[in-house]
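Undergrad: Below, each chain spelled out in residue letters.
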Amino acid sequence: MKKQQRKTVRAIFEDAEQLTLDQLQESNILKLLLKAEVPNAIEYAIIHKKTFASIFEINSSNNFIEIHKNYWADALSTCLHWYINDGEEDYEKCSHLTKLIESLRIPKK
Amino acid sequence: MAEPYKAIQLAVDSLLNAQSTVRRKKRTQSDRRKECFFAIINLLEETIVRSNIAYQELQIDLFKFEDKYIQIIDMLMFMNFGEDCMDMISFYLYDRTNDDGTINVIQSLDGQEIEMNNPYDLWNVIVSINPKIDEGA
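For the record, the sequence lines run as chains W and B.
With the numbering used here applied, the first sequence covers 1 to 109.
With the numbering used here applied, the second sequence covers 110 to 246.
Simulated from the structure, these hints should not be mistaken for lab results.
For each residue, glycine too, the CB sits at the ideal point set by N, CA and C.
Heads up, some of the hints might be wrong.
Okay, the calculated beta carbon distance ranges per label pair [stated by the list, open to error]: (1) W:Thr51 with B:Ile169: 54 to 60 angstroms; (2) B:Pro240 with W:Gly87: 42 to 48 angstroms; (3) W:Ile46 with B:Phe187: 43 to 49 angstroms; (4) W:Lys93 with B:Phe147: 31 to 37 angstroms; (5) W:Lys93 with B:Tyr164: 50 to 56 angstroms.
Dumping the calculated DSBU-like pairs for lysine-lysine here, alpha-carbon to alpha-carbon at most 30 angstroms [as the list claims (entries may be wrong)]: (6) W:Lys31 with W:Lys50; (7) W:Lys31 with W:Lys69; (8) W:Lys31 with B:Lys135; (9) W:Lys35 with B:Lys134; (10) B:Lys134 with W:Lys49; (11) W:Lys31 with B:Lys115; (12) B:Lys143 with W:Lys50; (13) W:Lys35 with B:Lys135; (14) W:Lys49 with B:Lys135; (15) W:Lys69 with W:Lys35; (16) B:Lys135 with W:Lys69; (17) W:Lys69 with B:Lys115; (18) W:Lys50 with W:Lys35; (19) W:Lys7 with B:Lys143; (20) B:Lys115 with W:Lys35; (21) B:Lys134 with W:Lys31; (22) B:Lys135 with W:Lys7; (23) W:Lys35 with B:Lys143; (24) B:Lys135 with W:Lys50; (25) W:Lys49 with B:Lys115; (26) B:Lys134 with W:Lys7; (27) W:Lys31 with W:Lys99; (28) W:Lys50 with B:Lys241; (29) B:Lys143 with W:Lys49; (30) W:Lys99 with W:Lys69; (31) W:Lys7 with B:Lys115; (32) B:Lys241 with W:Lys49; (33) W:Lys50 with B:Lys115; (34) B:Lys134 with W:Lys69; (35) B:Lys134 with W:Lys50; (36) B:Lys241 with W:Lys7; (37) W:Lys93 with W:Lys50.
Make the full structure from the sequences, and use the hints.
TA: So this is what it looks like as structure tokens:
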């Protein structure tokens, strides 16, 4: 059977090189993208024993935003915080994220 | 690090409260094949639309002029992808859309209707017909 692969999403930024940090930080679209993709990317990276989780590709530049495994728990905690605060009441997702975070915080022997 | 995207990286760090990096990855042969395929299909579609407009609005028949080039491209694709995939490519280019803008769908062997809206969908269909295409065969 062919190994299932995750296709990293491609985020399209118009005038990517001209965008300022303030514009990007205030972008709700970027936040929604991270909220949706970070848990998937990290879960895939855990299952496939990767060192980096590939979150998204910037335009079609072949440049990828990635997160090292040392920061996976922090990134997932932020996503969990978003899921709770955005009032979506997605208990299943929150429970799944909590389990993922706990699994990352258990020291490996 | 690719500096042009520094602002995006910093925004991600700040939103996530975690450190990210920008990494440039080398394209695989499969990626290159896919990109070439998408470019070819998009260019062919543009050419067909251009010829249609020239014929309908200006009464200029570019089809006669382009016919031999199209035949060459068709034969090269036939040699590369085989008959079944070529049938699918021809359907996508010439028979998929109706004059009123509606889309014709294809039916898989198990009776499922598949709508092809872009070259990515077409690629997935031809890879399902011949998986070796995705491996560079």
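Undergrad: So, for every hint listed, does it hold in this structure?
TA: Each hint, compared with the structure:
1. W:Thr51 with B:Ile169: 54 to 60 angstroms: Given a distance of about 58 angstroms, which is inside 54 to 60 angstroms, the answer is holds.
2. B:Pro240 with W:Gly87: 42 to 48 angstroms: 44 angstroms, holds
3. W:Ile46 with B:Phe187: 43 to 49 angstroms: 44 angstroms, holds
4. W:Lys93 with B:Phe147: 31 to 37 angstroms: 33 angstroms, holds
5. W:Lys93 with B:Tyr164: 50 to 56 angstroms: Holds: the Cβ-Cβ distance is about 54 angstroms, inside 50 to 56 angstroms.
6. W:Lys31 with W:Lys50: 24 angstroms, holds
7. W:Lys31 with W:Lys69: With a Cα-Cα distance of about 20 angstroms, the restraint between Lys31 of chain W and Lys69 of chain W holds, given a limit of 30 angstroms.
8. W:Lys31 with B:Lys135: OK: Lys31 of chain W and Lys135 of chain B at ~27 angstroms, within 30 angstroms.
9. W:Lys35 with B:Lys134: 24 angstroms, holds
10. B:Lys134 with W:Lys49: This hinted pair holds, its Cα atoms lying about 18 angstroms apart.
11. W:Lys31 with B:Lys115: Roughly 17 angstroms between the alpha carbons, so the hint for Lys31 of chain W and Lys115 of chain B holds.
12. B:Lys143 with W:Lys50: Roughly 25 angstroms separates the two Cα atoms, so the pair holds.
13. W:Lys35 with B:Lys135: 27 angstroms, holds
14. W:Lys49 with B:Lys135: Holds, at roughly 20 angstroms.
15. W:Lys69 with W:Lys35: 17 angstroms, holds
16. B:Lys135 with W:Lys69: 21 angstroms, holds
17. W:Lys69 with B:Lys115: The hint holds at about 20 angstroms.
18. W:Lys50 with W:Lys35: Holds, because 20 angstroms separates the two Cα atoms, which is no more than 30 angstroms.
19. W:Lys7 with B:Lys143: Cα-Cα ~14 angstroms, so holds.
20. B:Lys115 with W:Lys35: With Cα atoms ~20 angstroms apart, Lys115 of chain B and Lys35 of chain W stay inside 30 angstroms; holds.
21. B:Lys134 with W:Lys31: 24 angstroms, holds
22. B:Lys135 with W:Lys7: 15 angstroms, holds
23. W:Lys35 with B:Lys143: 29 angstroms, holds
24. B:Lys135 with W:Lys50: Holds. Lys135 of chain B to Lys50 of chain W sits at ~17 angstroms (cutoff 30 angstroms).
25. W:Lys49 with B:Lys115: 27 angstroms, holds
26. B:Lys134 with W:Lys7: 14 angstroms, holds
27. W:Lys31 with W:Lys99: With a Cα-Cα distance of about 22 angstroms, the restraint between Lys31 of chain W and Lys99 of chain W holds, given a limit of 30 angstroms.
28. W:Lys50 with B:Lys241: 27 angstroms, holds
29. B:Lys143 with W:Lys49: Roughly 27 angstroms between the alpha carbons, so the hint for Lys143 of chain B and Lys49 of chain W holds.
30. W:Lys99 with W:Lys69: 16 angstroms, holds
31. W:Lys7 with B:Lys115: 23 angstroms, holds
32. B:Lys241 with W:Lys49: 27 angstroms, holds
33. W:Lys50 with B:Lys115: 24 angstroms, holds
34. B:Lys134 with W:Lys69: This hinted pair holds, its Cα atoms lying about 18 angstroms apart.
35. B:Lys134 with W:Lys50: Satisfied, since the Cα-Cα distance of roughly 15 angstroms is no more than 30 angstroms.
36. B:Lys241 with W:Lys7: 19 angstroms, holds
37. W:Lys93 with W:Lys50: The hint holds at about 22 angstroms.
The structure agrees with every numbered hint stated previously.
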